[in-house]
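Chemist: Each chain, written out:
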Amino acid sequence: RKEVEQDPGPFNVPEGATVAFNCTYSNSASQSFFWYRQDCRKEPKLLMSVYSSGNEDGRFTAQLNRASQYISLLIRDSKLSDSATYLCVVNIVTGGFKTIFGAGTRLFVKA
Amino acid sequence: DTAVSQTPKYLVTQMGNDKSIKCEQNLGHDTMYWYKQDSKKFLKIMFSYNNKELIINETVPNRFSPKSPDKAHLNLHINSLELGDSAVYFCASSQDLGRTEAFFGQGTRLTVV
Chain A
376 RKEVEQDPGP
386 FNVPEGATVA
396 FNCTYSNSAS
406 QSFFWYRQDC
416 RKEPKLLMSV
426 YSSGNEDGRF
436 TAQLNRASQY
446 ISLLIRDSKL
456 SDSATYLCVV
466 NIVTGGFKTI
476 FGAGTRLFVK
486 A
Chain B
26 DTAVSQTPKY
36 LVTQMGNDKS
46 IKCEQNLGHD
56 TMYWYKQDSK
66 KFLKIMFSYN
76 NKELIINETV
86 PNRFSPKSPD
96 KAHLNLHINS
106 LELGDSAVYF
116 CASSQDLGRT
126 EAFFGQGTRL
136 TVV
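Protein chains in written order, with this note's numbering: chain A, 376 to 486; chain B, 26 to 138.
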């Protein structure tokens with residue numbers, strides 16, 4: 376089992392749709408969690424951190440479920456500009472340190 | 026001002042050559058990384074440096090040697106390049122090790138022919 380798993384997609388949605396991505400992680404020592412966005416042929420950029428209590432930033436909502444070891448990202452009112460690959464990132468700090476990137480979920484938002 | 030900058034952006038070279046990629050960050054961060062993103066788009070950490078000290082060295086051939094002259098710089102030197110080294114290499118930095126988000130450079134697209 377991979378340490379961080381995401382559905383690769385692609386998710387094809389119309390503008391205005393709500394879309395949700397899940398990401399599961401296997402190491403219970405995972406300490407911090409992030410969603411990154413990567414556009415084609417560009418570098419990954421932080422979209423948002425994921426906090427235990429859940430957090431929202433405009434149309435984006437991130438949730439963390441430690442018991443089930445997954446994080447989620449909800450995008451409401453999708454825009455064309457949301458088309459990208461969304462990367463789930465988990466930091467594991469236990470004795471040493473490890474950052475694990477998921478393989479990413481591709482999203483296409485169409486007019 | 027670019028926060029994390031790496032050069033060159035594109036690098037095409039022949040098998041067997043030695044090449045270097047430079048990275049600099051002006052964020053005052055303590056930790057810097059090198060990542061490799063292959064043709065399947067999977068992003069994997071290669072090295073992590075904290076305050077100029079090597080912290081992580083994932084299973085990377087010893088043809089790859091990082092050098093950190095100071096906290097703001099982490100260069101990657103690659104000896105005897107192979108076809109399989111073709112990928113996009115990203116430099117990144119973060120405030121500390123493992124708890125805060127990383128900021129990435131624009132990537133270096135390496136093609137070995």
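Among the hints, a few may not be true.
In silico lysine-lysine, DSSO-like type, Cα no more than 30 Å apart, as pairs [said to hold, decoys possible]:
| no. | chain 1 | residue 1 | chain 2 | residue 2 |
| --- | --- | --- | --- | --- |
| 1 | A | 454 | B | 77 |
| 2 | A | 454 | B | 92 |
| 3 | B | 65 | A | 473 |
| 4 | A | 377 | A | 417 |
| 5 | A | 420 | B | 65 |
| 6 | A | 420 | B | 61 |
| 7 | B | 66 | A | 454 |
| 8 | A | 417 | B | 77 |
| 9 | B | 92 | B | 77 |
Honestly, the hints are just simulated from the structure, not real lab data.
Chemist: Sort out which numbered hints this structure fails and list those numbers smallest first.
Modeler: When the structure is compared with the hints, numbers 1 and 2 turn out to be violated.
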